[in-house]
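Chemist: Using the sequences provided together with the hints, build the complete structure.
Number of protein chains: 4
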Amino acid sequence: MNFDFKKECRGVISVIGASEIDKTTENLTIELGRLLAKNNYAVSCGGLSGVMEAICKGAKEEGGLTIGIIPYKEKNAANQYVDIVIPVPFSQARNIVVVLSGDITVAIAGKAGTLSEISFAWIYGKPIVALTSVEGWSSKIAGQKIDDRRNDMIHGAETPQEVVDKVIELMNAEKPKSFSFSEL
Amino acid sequence: MNFDFKKECRGVISVIGASEIDKTTENLTIELGRLLAKNNYAVSCGGLSGVMEAICKGAKEEGGLTIGIIPYKEKNAANQYVDIVIPVPFSQARNIVVVLSGDITVAIAGKAGTLSEISFAWIYGKPIVALTSVEGWSSKIAGQKIDDRRNDMIHGAETPQEVVDKVIELMNAEKPKSFSFSEL
Amino acid sequence: MNFDFKKECRGVISVIGASEIDKTTENLTIELGRLLAKNNYAVSCGGLSGVMEAICKGAKEEGGLTIGIIPYKEKNAANQYVDIVIPVPFSQARNIVVVLSGDITVAIAGKAGTLSEISFAWIYGKPIVALTSVEGWSSKIAGQKIDDRRNDMIHGAETPQEVVDKVIELMNAEKPKSFSFSEL
Amino acid sequence: MNFDFKKECRGVISVIGASEIDKTTENLTIELGRLLAKNNYAVSCGGLSGVMEAICKGAKEEGGLTIGIIPYKEKNAANQYVDIVIPVPFSQARNIVVVLSGDITVAIAGKAGTLSEISFAWIYGKPIVALTSVEGWSSKIAGQKIDDRRNDMIHGAETPQEVVDKVIELMNAEKPKSFSFSEL
Chain Y
1 MNFDFKKECR
11 GVISVIGASE
21 IDKTTENLTI
31 ELGRLLAKNN
41 YAVSCGGLSG
51 VMEAICKGAK
61 EEGGLTIGII
71 PYKEKNAANQ
81 YVDIVIPVPF
91 SQARNIVVVL
101 SGDITVAIAG
111 KAGTLSEISF
121 AWIYGKPIVA
131 LTSVEGWSSK
141 IAGQKIDDRR
151 NDMIHGAETP
161 QEVVDKVIEL
171 MNAEKPKSFS
181 FSEL
Chain R
185 MNFDFKKECR
195 GVISVIGASE
205 IDKTTENLTI
215 ELGRLLAKNN
225 YAVSCGGLSG
235 VMEAICKGAK
245 EEGGLTIGII
255 PYKEKNAANQ
265 YVDIVIPVPF
275 SQARNIVVVL
285 SGDITVAIAG
295 KAGTLSEISF
305 AWIYGKPIVA
315 LTSVEGWSSK
325 IAGQKIDDRR
335 NDMIHGAETP
345 QEVVDKVIEL
355 MNAEKPKSFS
365 FSEL
Chain C
369 MNFDFKKECR
379 GVISVIGASE
389 IDKTTENLTI
399 ELGRLLAKNN
409 YAVSCGGLSG
419 VMEAICKGAK
429 EEGGLTIGII
439 PYKEKNAANQ
449 YVDIVIPVPF
459 SQARNIVVVL
469 SGDITVAIAG
479 KAGTLSEISF
489 AWIYGKPIVA
499 LTSVEGWSSK
509 IAGQKIDDRR
519 NDMIHGAETP
529 QEVVDKVIEL
539 MNAEKPKSFS
549 FSEL
Chain Z
553 MNFDFKKECR
563 GVISVIGASE
573 IDKTTENLTI
583 ELGRLLAKNN
593 YAVSCGGLSG
603 VMEAICKGAK
613 EEGGLTIGII
623 PYKEKNAANQ
633 YVDIVIPVPF
643 SQARNIVVVL
653 SGDITVAIAG
663 KAGTLSEISF
673 AWIYGKPIVA
683 LTSVEGWSSK
693 IAGQKIDDRR
703 NDMIHGAETP
713 QEVVDKVIEL
723 MNAEKPKSFS
733 FSEL
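Protein chains in written order, with my numbering: chain Y, 1 to 184; chain R, 185 to 368; chain C, 369 to 552; chain Z, 553 to 736.
Keep in mind that a hint or two might mislead.
Claimed, not checked - Quick list of in silico lysine to aspartate or glutamate cross-link-like pairs, DMTMM-like style, CA-CA up to 20 Å:
| no. | chain 1 | residue 1 | chain 2 | residue 2 |
| --- | --- | --- | --- | --- |
| 1 | R | K329 | Y | E135 |
| 2 | C | K545 | R | E258 |
| 3 | R | K359 | C | E442 |
| 4 | Z | K627 | Y | D4 |
| 5 | R | K222 | C | D372 |
| 6 | R | K257 | C | D471 |
| 7 | Z | K609 | Y | E8 |
| 8 | Z | K692 | C | D515 |
| 9 | R | K259 | C | E430 |
| 10 | R | K207 | R | D332 |
| 11 | R | K191 | C | D471 |
| 12 | R | K359 | R | D287 |
| 13 | Z | K558 | Y | D4 |
Since the hints were made in silico from the structure, they are not lab data.
Modeler: Printed below as a string of structure tokens:
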């Protein structure tokens, strides 16, 4: 092998969102995957269907690296676009690992599982970017704070390009704090 | 020993909420703990401070049984009112166990950690009652749905007595469904 | 309710072992459950079949308190003799919680799952008693050390009464140390 | 980016072992890391010191890809030779993820933590290769079975080259079975 990860990869972006999505959301997510790979970011996700599959598909179209953190013990349960499969067969606790494996969290649409991941991203001090042009928790929570303990907010972005611009900006900014249990 | 748990205990109620609370919230939570014990419900919680300590304190005043699911490996990290200490040293993943150990989830105030627990209660099909007379996520989310996959909503209740009345009603009602990963 | 747990219960004993057992092992385990309850110890276990069911059955025959830490999300997956069900749907990671919920670990027979629990009991500084009169890891590993970092060893005991005598002795002795990751 | 993981990488090997090692063990492990990378295998490990650091160091010397599954929430806790950091802040439960992320498990020396990982590799149906030329659990358990439910055994190998030869052979062989809870 001959891959200098630290030289080629500027960071890992956790992408979270619904496992069932419409064509519009799918296309936006594939486009985001392409842009992240072009800008030399690896993507990490839950490794299954919907947003998780679309982001990996887009990333692979541009030669990107994809990490799928699946809630099952068998590696072959991941979608076909995942390069590195990490089985975390701990039910919803796998969501925590999805968030922690990235430097920044990007939310696209999403139901209750996505809301738990947004909560964790907030707790663990990850900057959060939320796509506002689709339905679900990403547009509902954009521009808000989860609680009063961080100075920043969940950043809204309307297009895949705006998401990537925000990601680049946030990668260079000071990181929010991570909370301990006594603060929760 | 001589304790017939199944005969004496009508169910276990998971109580979630902030680890730092004001005097008003503390008193309301202690009152709820008393009422739950009087009505023969055991309480389960995160075992630390704030809402977790107040609910156990109230329950013990009426001879109740308290379960504390703490995020540390040492049992002595639990507050003094916890009877049965369950160490789950898995960071925020312990929140999942708090929710699953109860038949119903009751939310009191709360920040990001509480929001993750509400999300899990929704995913795992637990009926949810949220206290509306205090600040934080419990009052913010009362009367709402986390997503469109359950027919019920998060039930608001204004006083400890109303919470208990709702708990008794929900214990006798049909349970909401629990979701699999392909639905999330 | 009216149960003073801390007054009535002298400690919690984690009992680990095979999920499929022969009649002899079952009878020995039921007898141990009875003796632990008579001596005012609660029992904690994996909540399923085999050793886990027999220990709870014995404990309940003498009015004891039983805790079942199951690897599934639904509380009704526990065996009928479990009082307090703690769902930890994290695959084999639930074994860690079984060990941590007790003050002492008792091993009866056992295959690979039991060996992982014995390893964890060693790491987390729990005294370990292993029944020597049955086949499996409990008799194989009795009298040995898992590694050189603890001064004690895995204590062998030939009968349920000897197990209880050892448990009582160890409850009053100084506890072994628990290890951090840098020592593992 | 431009990395075709599935084309370049023939599999992922989980390497487990002690966090404190002597110079001989370190050199053997570095040599194994080199050989695995040369043969186009990625390595996965616990991401900290000792065997975990040496295997990554060796792999990077030959342009390999390294995955570090650390038990802390902060990515910067991994050793400097880890490319892809996966934080699993779930205490010893992170050991499960180390084993599941690989196709085959290789054990080098090791104390109680390593024994728990060998137990999990057995339970989850991973072929196991154990280095016999160093002290600790890898040499103690080589040639044995953890229990009677698998037809194979833990394969001993005396040198890094023998480990790699065995890995290549096992990658092409039929996989052992994985166990469900009712069988444990």
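Chemist: What are the numbers of the hints the structure violates, in ascending order?
Modeler: Hints 9, 10 and 11 not satisfied by this model.
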